[in-house]
Amino acid sequence: MSAPASLTELWVYLAASPLTALTMTLIAYQCGMWISAKAGFSPLANPVLLAVLLLVGLLLVTGTDYRTYFEGAQFVHFLLGPATVALALPLYRQIERVRRSALAITVSLITGGAVAAATAVAIGAFFGAGPDILASLAPKSVTAAVAMGIADKLGGLPSLTAVLVMITGVIGAALGPLLLTLLGVRDPASRGLAIGTAAHGIGTARALQMSDLEGAFAGLAMGLNALATALLLPLVWGWVF
Amino acid sequence: MLFYLTVILVCQLAGELIVVGLGLPMPGPVIGMILLFAGLVIRGGIPEGLTRVGDAFLSNLSLLFIPAGVGVVLHMGLIAREAKALGAALFGSTLIAIAVTGLLMHLLTRRQRARAGEGTGETGDRP
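The listed protein sequences derive, respectively, from chains C and V.
Be aware that the first sequence starts at 1, since it is given in my numbering, and climbs by one per residue.
Be aware that the second sequence starts at 1, since it is given in my numbering, and climbs by one per residue.
For reference, chain C alone in the conformation it holds in the complex:
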């Protein structure tokens, strides 16, 4: 057997094994973190974005399809569920503050969630996006699993929504903290609530890096916005369209 043939066989074997995709995901993430640290945690060097770009490049270069990749990466993807449950911890640590600001949280969050969906649809429609694209855009500030379910109900494309949700999270995590500082919003509770409402889990991950308080409010906002949008958006969509 010639060397190139056995190399190909080796590659075919490795590409079919979940271990490769899982390992590559962890390596890409750590590369993303490393580059992000080297870039002085610049908002443009978001570790999730960098890791996704690395992995997309790898899939394209090796001609691996997404389904094969996901067979390994699903072990990481699965952990999103338990991690969402674990957001109860930072929330519980801030229970006193949450209780004190319950009304302000409710008003800000419902307004923010409505603004996120309405402006996305309005701007998309202004630039001539079709109805299926608009339906995929509407729930993009909600955490991925819920957003995909909502998009499906509205007649959008759930897998496109998953991507739009990720890009939204990266934009919010990268530029949200800077924008809030420019606007003079410096208290961690308001910052966390804003980033969690508009940029779900990726924003929450960023907020957790800032402080436990900011992360707690971001996690709270992510969970409540998922509830509020899942309940209200399909109703409102039915009236408007």
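Because the hints were derived from the structure by calculation, they are not lab data.
Heads up, the beta-carbon is just placed ideally off N, CA and C, and yes, glycines get one too.
A hint or two may mislead.
As the list claims (entries may be wrong) - The calculated lysine to any residue pairs, modelled on SDA-like cross-linking and capped at a C-alpha distance of 20 Å, are:
hint: 1; chain 1: V; residue 1: K84; chain 2: C; residue 2: F127
hint: 2; chain 1: V; residue 1: K84; chain 2: V; residue 2: I96
hint: 3; chain 1: C; residue 1: K153; chain 2: V; residue 2: L22
hint: 4; chain 1: C; residue 1: K153; chain 2: V; residue 2: E16
hint: 5; chain 1: C; residue 1: K153; chain 2: V; residue 2: V20
hint: 6; chain 1: C; residue 1: K153; chain 2: C; residue 2: L227
hint: 7; chain 1: V; residue 1: K84; chain 2: C; residue 2: M210
hint: 8; chain 1: V; residue 1: K84; chain 2: C; residue 2: G130
hint: 9; chain 1: V; residue 1: K84; chain 2: C; residue 2: T119
Unchecked claim - Not the full set, but computed from the structure, chain V residues with beta-carbon under 10 Å of chain C:
hint: 10; residue: L58
hint: 11; residue: A99
hint: 12; residue: L103
Fit chain V to the known structure of chain C by using the hints.
Showing chain V alone in chain C's frame:
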């Protein structure tokens, strides 16, 4: 450790069952988060082991979004075609929503912060 990992998974599983059983529109893990939170309120504190397991999940939260994000390869043609509409909508709406939510919460809790005398990095509120 294993016990508290089980606790988290039980909360998630219960959340999934409630969602399917009642036909609720939200995801199971969000209900699981509410259940765990309720449990902590009833118990009146976070056990040491649960802190360790929970923080292990949360300290690498960003990692967990990567597999879904790589799904971008499925839609590259569509995204390239609609790049202007999608880009404008995502940037515009995300930044507007952050600004509106942050400013509203900031204004609504201003009196409360002043009363509590919390100086959490505040440079003084503008009138």
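**OP:** Would you check the hint for V:K84 and C:T119, treating anything up to 20 Å between C-alpha atoms as holding?
**Re:** Given pair V:K84, C:T119 holds - Cα atoms ~15 Å apart, limit 20 Å.
Original post:
Under the criterion of a CB-CB separation shorter than 10 Å, is V:A99 in contact with chain C as hinted?
Top reply: 6 Å, holds
Original post:
Should the hint that V:L58 touches chain C count as held when the rule is a Cβ pair under 10 Å?
Top reply: 6 Å, holds
**OP:** Verify the proposed pairing of V:K84 with C:M210, using a straight-line Cα cut of 20 Å.
**Re:** Measuring from Cα to Cα gives roughly 32 Å; hence the hint is violated.
Subject >> Holds or violated: V:K84 to C:G130, with C-alpha atoms at most 20 Å apart >> reply: Judged against 20 Å, a Cα distance of about 13 Å means the pair holds.
**OP:** Mind checking the alpha carbons of C:K153 and V:V20 for me, to see if they're no more than 20 Å apart?
**Re:** The hint holds at about 16 Å.
Original post:
Taking the least C-beta to C-beta distance, is V:L103 closer than 10 Å to chain C?
Top reply: 6 Å, holds
Original post:
Given the hint that C:K153 pairs with V:L22, does the C-alpha gap stay at or below 20 Å?
Top reply: 17 Å, holds
**OP:** With a cut-off of 20 Å on the C-alpha distance, tell me whether V:K84 and C:F127 pass.
**Re:** Given that 20 Å is the threshold and the Cα spacing comes to 7 Å, the pair holds.
Original post:
Has the given pair, V:K84 with V:I96, been kept, meaning a C-alpha gap of at most 20 Å?
Top reply: 18 Å, holds
Subject >> Given hint C:L227 paired with C:K153 - CA-CA distance at most 20 Å >> reply: 15 Å, holds
**OP:** Would you mind confirming whether the straight-line C-alpha gap from C:K153 to V:E16 stays at or under 20 Å?
**Re:** 19 Å, holds
When each numbered hint is compared with the structure, a violation occurs for hint 7 only.
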